[in-house]
Amino acid sequence: MSERAAAGRFAIYHDIVADDPPTQAVFEEILRDEVFHMTYTHTQLARISPDSYRRRLWSARVRRVWKQYLRVATAIANLFGTIMLTLQYFILIPPFAGLAKRALRRERPGWVGIRPERRDSLTRQY
Amino acid sequence: MKILGISAHYHDSAAALVCDGVPVCAVQEERLSRRKNDAAFPVAAIEWCLDHAGISPDDLDAVVFYERSMLKFERILTSALRAFPHSWRSFPSAMKNSIGEKVWVRGIISSYLGVPRGKVLFTTHHQAHAATAFLTAPTPRAAILTADGVGEWATLTVGHGERRTDGATAITLVREIRFPHSLGMLYSTFTAFLGFAVNEGEYKVMGLAAYGRPTQVDRVRKLIRRTPDGAFTLDLDYFEFHSSAKRSYSSRFIELFGPPRAPYKPIDLDTAEGRRFADCAASVQRVLEETLVDMTVALHQETGLPDLCLGGGVALNGVANARILAESGFERVFVPPAPGDAGCALGAALYADRVHFGRPDRDVPDHPFWGPSVNANDLLRVATEDGQTVEQFDDTALIERTADELFAGSIVGWMEGACEFGPRALGHRSILAAPRLVETRDRLNRDIKYREEFRPFAPVLPIDVADRYFELPRGGARLGRFMSGVFPVRPEWRARLAAITHIDGSARTSAAARVKCACILPVRIASLSAPIYRGLHSDSARPRPAASGPIASCLSRPTFINLRYREARSTWSILPAWCTTRQTLAQRSPGSPVWHVPAERLCSASTIRLPASRSDCGESWPGSRISGPFHSIPCFAIGAMNRNGAEPGCATSINIRKNIATRSPRCNAGLQKMTPSTSARIPPRCWMRNPKRYSLPPSTIGARKGGWHNCAGCVCSGTKADSFSR
Numbered sequence: 001m002s003e004r005a006a007a008g009r010f011a012i013y014h015d016i017v018a019d020d021p022p023t024q025a026v027f028e029e030i031l032r033d034e035v036f037h038m039t040y041t042h043t044q045l046a047r048i049s050p051d052s053y054r055r056r057l058w059s060a061r062v063r064r065v066w067k068q069y070l071r072v073a074t075a076i077a078n079l080f081g082t083i084m085l086t087l088q089y090f091i092l093i094p095p096f097a098g099l100a101k102r103a104l105r106r107e108r109p110g111w112v113g114i115r116p117e118r119r120d121s122l123t124r125q126y
Numbered sequence: 001m002k003i004l005g006i007s008a009h010y011h012d013s014a015a016a017l018v019c020d021g022v023p024v025c026a027v028q029e030e031r032l033s034r035r036k037n038d039a040a041f042p043v044a045a046i047e048w049c050l051d052h053a054g055i056s057p058d059d060l061d062a063v064v065f066y067e068r069s070m071l072k073f074e075r076i077l078t079s080a081l082r083a084f085p086h087s088w089r090s091f092p093s094a095m096k097n098s099i100g101e102k103v104w105v106r107g108i109i110s111s112y113l114g115v116p117r118g119k120v121l122f123t124t125h126h127q128a129h130a131a132t133a134f135l136t137a138p139t140p141r142a143a144i145l146t147a148d149g150v151g152e153w154a155t156l157t158v159g160h161g162e163r164r165t166d167g168a169t170a171i172t173l174v175r176e177i178r179f180p181h182s183l184g185m186l187y188s189t190f191t192a193f194l195g196f197a198v199n200e201g202e203y204k205v206m207g208l209a210a211y212g213r214p215t216q217v218d219r220v221r222k223l224i225r226r227t228p229d230g231a232f233t234l235d236l237d238y239f240e241f242h243s244s245a246k247r248s249y250s251s252r253f254i255e256l257f258g259p260p261r262a263p264y265k266p267i268d269l270d271t272a273e274g275r276r277f278a279d280c281a282a283s284v285q286r287v288l289e290e291t292l293v294d295m296t297v298a299l300h301q302e303t304g305l306p307d308l309c310l311g312g313g314v315a316l317n318g319v320a321n322a323r324i325l326a327e328s329g330f331e332r333v334f335v336p337p338a339p340g341d342a343g344c345a346l347g348a349a350l351y352a353d354r355v356h357f358g359r360p361d362r363d364v365p366d367h368p369f370w371g372p373s374v375n376a377n378d379l380l381r382v383a384t385e386d387g388q389t390v391e392q393f394d395d396t397a398l399i400e401r402t403a404d405e406l407f408a409g410s411i412v413g414w415m416e417g418a419c420e421f422g423p424r425a426l427g428h429r430s431i432l433a434a435p436r437l438v439e440t441r442d443r444l445n446r447d448i449k450y451r452e453e454f455r456p457f458a459p460v461l462p463i464d465v466a467d468r469y470f471e472l473p474r475g476g477a478r479l480g481r482f483m484s485g486v487f488p489v490r491p492e493w494r495a496r497l498a499a500i501t502h503i504d505g506s507a508r509t510s511a512a513a514r515v516k517c518a519c520i521l522p523v524r525i526a527s528l529s530a531p532i533y534r535g536l537h538s539d540s541a542r543p544r545p546a547a548s549g550p551i552a553s554c555l556s557r558p559t560f561i562n563l564r565y566r567e568a569r570s571t572w573s574i575l576p577a578w579c580t581t582r583q584t585l586a587q588r589s590p591g592s593p594v595w596h597v598p599a600e601r602l603c604s605a606s607t608i609r610l611p612a613s614r615s616d617c618g619e620s621w622p623g624s625r626i627s628g629p630f631h632s633i634p635c636f637a638i639g640a641m642n643r644n645g646a647e648p649g650c651a652t653s654i655n656i657r658k659n660i661a662t663r664s665p666r667c668n669a670g671l672q673k674m675t676p677s678t679s680a681r682i683p684p685r686c687w688m689r690n691p692k693r694y695s696l697p698p699s700t701i702g703a704r705k706g707g708w709h710n711c712a713g714c715v716c717s718g719t720k721a722d723s724f725s726r
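If you read the sequences in order, they're chains S and P.
Here my numbering is used: the first residue of the first sequence is 1, the next is one more, and so on.
Here my numbering is used: the first residue of the second sequence is 1, the next is one more, and so on.
Same shape as in the complex, but just chain S (with noise of 0.2 Å):
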């Protein structure tokens, strides 16, 4: 499968540089040699398991549409969660922003003294 995927995307390298011939010829090559391995690969499939290389064949490519399945979900959940952590940024933040603003403008540059307690417990997480 992945000698396939491969494949394809040396024939779009191959499409794309069609203005020089000589890298042309070179992923031409390239091409022969994955689709070498694609037939080489599959024959030793069917050789080695004849009963069922085609079960596992529809398995790996099953596998397949469920990683791309998860890629595509985790993106889609991704932007919500840009959408949602946005939308709360603006309504929610801004009344903790000005109290942030206030303790930072009352802050003095230079030292801060680490106290005692901060340094000395290892259990927490604060």
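You may find that some hints are simply not true.
Just the calculated beta-carbon pair ranges, DEER-fashion [stated by the list, open to error]:
no., chain 1, residue 1, chain 2, residue 2, range
1, S, THR123, P, ASP366, 28 to 36 Å
2, S, PRO22, P, ALA376, 33 to 41 Å
3, S, THR123, P, ILE99, 17 to 25 Å
4, S, VAL35, P, GLU74, 50 to 58 Å
Within a straight-line C-alpha distance of at most 27 Å, the following computed DSSO-like cross-link-like pairs (lysine-lysine) qualify [said to hold, decoys possible]:
no., chain 1, residue 1, chain 2, residue 2
5, S, LYS101, P, LYS246
6, P, LYS96, S, LYS67
7, S, LYS101, P, LYS265
Hints listed in this document are in silico derivations from the structure and should not be mistaken for laboratory results.
Built from N, CA and C at the ideal position, the CB exists for glycine as well.
Chain P: place on chain S using the hints.
For chain P alone, kept in the frame of chain S given last:
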């Protein structure tokens, strides 16, 4: 008591195991995952540590994380609030990043290792830095200064540590400077401005600084102002790192210093722009040094202690460390081999052992070799399976032979024992080369490490002879032990140590006491050390290998010449033939990394086929024939490459037209050559599409005789290059 320390989720994840108060092992995740600066939770590193010690997670008494994740989250959230509404772009990604994983560290550790949540402890980030610096240093009492980009809130802390006679240990951090006022962030901002990767390219800024003059110090001082109490603040109008994830400098910063450098754009020091960048680097370096020196002078006066322990990523700045040693008043300065975040794993575990559990202090072995070891038998088997020539030596013969090879101009890969913990190659995973010729440095930078030409290399030598070659101040040998100090090379040695002498006459000394390769120097010559991870791979972003597994993959790559390790030696090809052989490979194996060289375009004149026999594989004829306007460089495809596509035992000849040489020296890494020593180079129009991955023989004997030195890029496609082969 068995304590596991972990650092993760920012950069340079690592794990370290401390058993009964003594470090047993420590390794960065990148050495196992092969991803540089790997920030992922260090599962592989933890597994290796536990395997190495022969224990299971149930046997652990505590797992210590190197920072307080909720405190860090508070800082991120507060920073976003303070920057409102300018932080609206970075806010969602920061929240997703933190809430998605980073704040749940206790649960992550508990679920990965199956340990009770109560066993998971947290130090603060700078406590871990301080513990790394102090608890690994052979001193009973010392002042401590830690400085980095940012931890939770602290960016710089000062304090002191003490080992009491009753065995109790105390590390007290007294005060701190808080985010966003940060020396590390100031330096990182200039790193980004100069076009280098933040958290990785800071040492490039340090190397570049030597080429510039600090003409912009006054401008840099506008960014960082000293406070009456001896601290500093950053003028945040010039920065955006606190409000944006995309850019760390603001428009005002650009108004002050000019346009930033685009990544991958060469730094040409012959141009005003190139000098501006070098001057910027020199200026920020100067300000950093002065600030640190001022603070350490005050710390010395405050504590009255003779020793200083430096921690945090800023402590990797060897130039500043040397100035601190010289000017602060401290007699000794200790910098651990891993002062950055990776080292925090070890520091956190040691801190928990000594301070939290109150266990008596124990001496920590004073070396950096805590990682996976090389198994000589594994290497021997791999090399034998690959049909490579293997010779075995005893230690004396190995050093003699290595010295001979170095003297003859070879570059030697050296693996010995356990992998270093920390970013530097300190003699167990190093590239060795003779330090005499500046061409050696250029060749290493250009053809093996694929990096900028201004990057220096470090000399590795025994401590007891270091003073002969370098002007070491009192305490300098100690500071130079882990390559943590930059010291002047003695004037009488600069010409003879040209490859390791930086443009300002300094060198980043690695004065090793227990490293075998350091013994090469008394044999014949001083040797030259450099991190190996860029040498063994065509992919320069990969970290150096830790153990025999990755080494096996290195062995199958045609990028190394004489690979040496403890007992096994593998000769791949004689040095002058190396790149020539790659050229041959390029012509014959379209699947190789240099497949895009269209041979047809390069073959524009006569080529010579030479008789070959199997026994000749791996060697080249010394010298070249000059035929009309061409240099003809004969070469062989060697055995290891034959399996990758080159014809077995094939001999060929590469002809290179002389007139494509120009006076425009450039290196593969895309930077203007900075020293005038190289005679002939290729103009930029002749570069390869991927110049980092390819070069013709840079120092082929015959080519050098004919006035050639670097043929990098002369076979690029789509240009007027006239070299050819086949």
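Practice item. Provide an ascending list of the numbers of those earlier hints which the structure does not satisfy. Key: 2 and 7
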